[in-house]
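Number of protein chains: 2
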Amino acid sequence: MDMIGKTAGRIGQPSQDLYRIAQKRLDNLTKPPGSLGRLEEFARRLVAIAGNERPALDRKVIFTFAGDHGIVDEGVSAYPREVTPQMVFNFLRGGAGINVLARHAGSEVVVVDIGVDYDFGELEGLVNRKVVRGTRNFAKGPAMTRGEAAQCVESGIALAEDYAKRGYRMFGTGEMGIGNTTPSSAIAAVLTGKSVAEVTGKGTGISDETLKRKVAVIDAAIRLNRPDPQDALDVLSKVGGAEIGGIAGVVLGAASNRIPVVIDGFISTAGALIAYRIEPKTADYMFAAHNSVEKGHRAMLDAMGLDPILDLDLRLGEGTGAALAMLMIEAGLKIYGEMATFGEAGVSDEIVN
Amino acid sequence: MDMIGKTAGRIGQPSQDLYRIAQKRLDNLTKPPGSLGRLEEFARRLVAIAGNERPALDRKVIFTFAGDHGIVDEGVSAYPREVTPQMVFNFLRGGAGINVLARHAGSEVVVVDIGVDYDFGELEGLVNRKVVRGTRNFAKGPAMTRGEAAQCVESGIALAEDYAKRGYRMFGTGEMGIGNTTPSSAIAAVLTGKSVAEVTGKGTGISDETLKRKVAVIDAAIRLNRPDPQDALDVLSKVGGAEIGGIAGVVLGAASNRIPVVIDGFISTAGALIAYRIEPKTADYMFAAHNSVEKGHRAMLDAMGLDPILDLDLRLGEGTGAALAMLMIEAGLKIYGEMATFGEAGVSDEIVN
Numbered sequence: 008m009d010m011i012g013k014t015a016g017r018i019g020q021p022s023q024d025l026y027r028i029a030q031k032r033l034d035n036l037t038k039p040p041g042s043l044g045r046l047e048e049f050a051r052r053l054v055a056i057a058g059n060e061r062p063a064l065d066r067k068v069i070f071t072f073a074g075d076h077g078i079v080d081e082g083v084s085a086y087p088r089e090v091t092p093q094m095v096f097n098f099l100r101g102g103a104g105i106n107v108l109a110r111h112a113g114s115e116v117v118v119v120d121i122g123v124d125y126d127f128g129e130l131e132g133l134v135n136r137k138v139v140r141g142t143r144n145f146a147k148g149p150a151m152t153r154g155e156a157a158q159c160v161e162s163g164i165a166l167a168e169d170y171a172k173r174g175y176r177m178f179g180t181g182e183m184g185i186g187n188t189t190p191s192s193a194i195a196a197v198l199t200g201k202s203v204a205e206v207t208g209k210g211t212g213i214s215d216e217t218l219k220r221k222v223a224v225i226d227a228a229i230r231l232n233r234p235d236p237q238d239a240l241d242v243l244s245k246v247g248g249a250e251i252g253g254i255a256g257v258v259l260g261a262a263s264n265r266i267p268v269v270i271d272g273f274i275s276t277a278g279a280l281i282a283y284r285i286e287p288k289t290a291d292y293m294f295a296a297h298n299s300v301e302k303g304h305r306a307m308l309d310a311m312g313l314d315p316i317l318d319l320d321l322r323l324g325e326g327t328g329a330a331l332a333m334l335m336i337e338a339g340l341k342i343y344g345e346m347a348t349f350g351e352a353g354v355s356d357e358i359v360n
Numbered sequence: 008m009d010m011i012g013k014t015a016g017r018i019g020q021p022s023q024d025l026y027r028i029a030q031k032r033l034d035n036l037t038k039p040p041g042s043l044g045r046l047e048e049f050a051r052r053l054v055a056i057a058g059n060e061r062p063a064l065d066r067k068v069i070f071t072f073a074g075d076h077g078i079v080d081e082g083v084s085a086y087p088r089e090v091t092p093q094m095v096f097n098f099l100r101g102g103a104g105i106n107v108l109a110r111h112a113g114s115e116v117v118v119v120d121i122g123v124d125y126d127f128g129e130l131e132g133l134v135n136r137k138v139v140r141g142t143r144n145f146a147k148g149p150a151m152t153r154g155e156a157a158q159c160v161e162s163g164i165a166l167a168e169d170y171a172k173r174g175y176r177m178f179g180t181g182e183m184g185i186g187n188t189t190p191s192s193a194i195a196a197v198l199t200g201k202s203v204a205e206v207t208g209k210g211t212g213i214s215d216e217t218l219k220r221k222v223a224v225i226d227a228a229i230r231l232n233r234p235d236p237q238d239a240l241d242v243l244s245k246v247g248g249a250e251i252g253g254i255a256g257v258v259l260g261a262a263s264n265r266i267p268v269v270i271d272g273f274i275s276t277a278g279a280l281i282a283y284r285i286e287p288k289t290a291d292y293m294f295a296a297h298n299s300v301e302k303g304h305r306a307m308l309d310a311m312g313l314d315p316i317l318d319l320d321l322r323l324g325e326g327t328g329a330a331l332a333m334l335m336i337e338a339g340l341k342i343y344g345e346m347a348t349f350g351e352a353g354v355s356d357e358i359v360n
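Residue numbers (the working numbering), protein chains in the order written: chain A, 8 to 360; chain B, 8 to 360.
The set of hints was computed from the structure by calculation and includes no laboratory data.
All figures in this text were calculated on a predicted structure; none of them were measured in a lab.
What you were told as hints is all true, and nothing was included just to trick you.
As a list, the in silico DMTMM-like pairs of lysine to aspartate or glutamate whose alpha-carbon atoms are at most 25 Å apart: (1) A/31 to A/345; (2) A/219 to B/356; (3) B/302 to A/314; (4) B/31 to A/89; (5) B/302 to A/318; (6) B/209 to A/48; (7) A/219 to B/357; (8) B/31 to A/320; (9) A/172 to A/65.
Can you build the whole structure from these sequences, using the hints too?
Structure, rendered in structure tokens:
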């Protein structure tokens, strides 16, 4: 907890002065004021976050954390757990959705085994930060110990620190873990105060009957484990997941290094919400990539005051939405850095009506 | 009208067989079926439009048509008309929003003078297709003759034909013209049947008072000119604009060459709606880039059954939304072409629940 507390304590606010300076430049570019809408918002925020009037976004990385979940024993997922390691191999070969979309967005992908129930041994390209071999079935007791949960968050922080030092200037989050909408819904219910039914959806595509079981399993598990909504690490350990903890750590590490972090979909947002409850200033560094199809996503975004960038009916995870959103955020920075001002272009900025 | 009629007559339907073939491949990629949402829709449509199982999108171009509007004499715009040629010079120097965002999207920009009230002479990089030196003030009579309106559409068709022959595989539309939300609102009202007040907004940022005048001017102009809603060319000539006609032509030319065309915002959509009323099959080739802030945009999209891709509070025009949307559409095609199948990746596609 010491590393987590220290990291959280280092998080400051984005520069309000630079926010104003950026706004002034945006208003002076050859377009009606505000007419590039959210691209202008992205530019202002990036400038204020970087604390630098002309920030560069040259190196971007998406952290895709993989973990397994004991809760799948309750029959809450559409796919068998073998798919988690199979998809990790797919990531490493470059054939998954996140590989394609990260290439499209000019971002690297770092695949992290933080809790997969499979022994990969030494594997080229896989970052081994395994804390657990799958979480325990939280229908029967806590998913992780408090120490394991902290270790997951610390692993995320350490990765963020490392990539910040290496000059990466934008992070994205992603995950892979069969069953991981279940802990995410549990976190959403505990931390937003909504009912489990309100924040539980069909994940990768379960039937109505399985959805009913999923809601009942989560409800019972919350009653059994009694996670303390005032203690985010307690929630993460009792009804969370390893990859969700890793994402929370990346968010904390990003914010403490003044690096913007693009939060992917439902599961990533559960991780971001854990980070937010540890330190609310983290929200100033977050960009919500998209509005997931998964029910319950919006409640978590609202709890952090985030407005999603895209709405493309995505529900894959892995960081795919984050990759796409990076293209829009970067567009904002390019507008800011590359457009001519009225003076440079000899365009009248007189408003006649 | 002959060229317009012939072009419209050549427009066929995208291949229903290829739509199904594309769907099958998408369902076989390493992701839950449908989990990439609209990206999958884009891929299916691109395959069906191209009539080719593996279409390439290597060359993209956005046509930005510039024109002036006599209706600005009625005090309906926030900016003086000199801004139209000033912005054309800005486009040619690469300093405008569309230049920045087209570069970001890997698209070329072709700037077309179709109706600017300024003599550019011979100018490197400017395509001269001038039909009028600004339209006439349609508060006092038709904006253009029927022949002029047809010539604008034909110019768009000819440009589309030319770029299709040169191997461009995706088109975008854009425009610049001080005052051009006014003819666009007039077209929207006449062709959707909504009241002028329902489809008229603040354009680049007029006051409430000017908005009231704008609505009154359009209302009176429609009563005066009596455009025939069953005759799109009549509507274009009486209350339209040259750049709107050019865009309608690009849409017709794109569809007749089986090339997808990304429709930018409010004004571009008015042009697309003219094309749609000439030949409704054009809608199968359109992608609506974004949901403009401009009131009345949605009514026109609904009339064509189009669902906008982005919603970023944009209201600049020029083709800026089209450039951004191209990045999302291309993402769909990359997913389709580059992701591994379950078989290739050794990932289980067994659904257990």
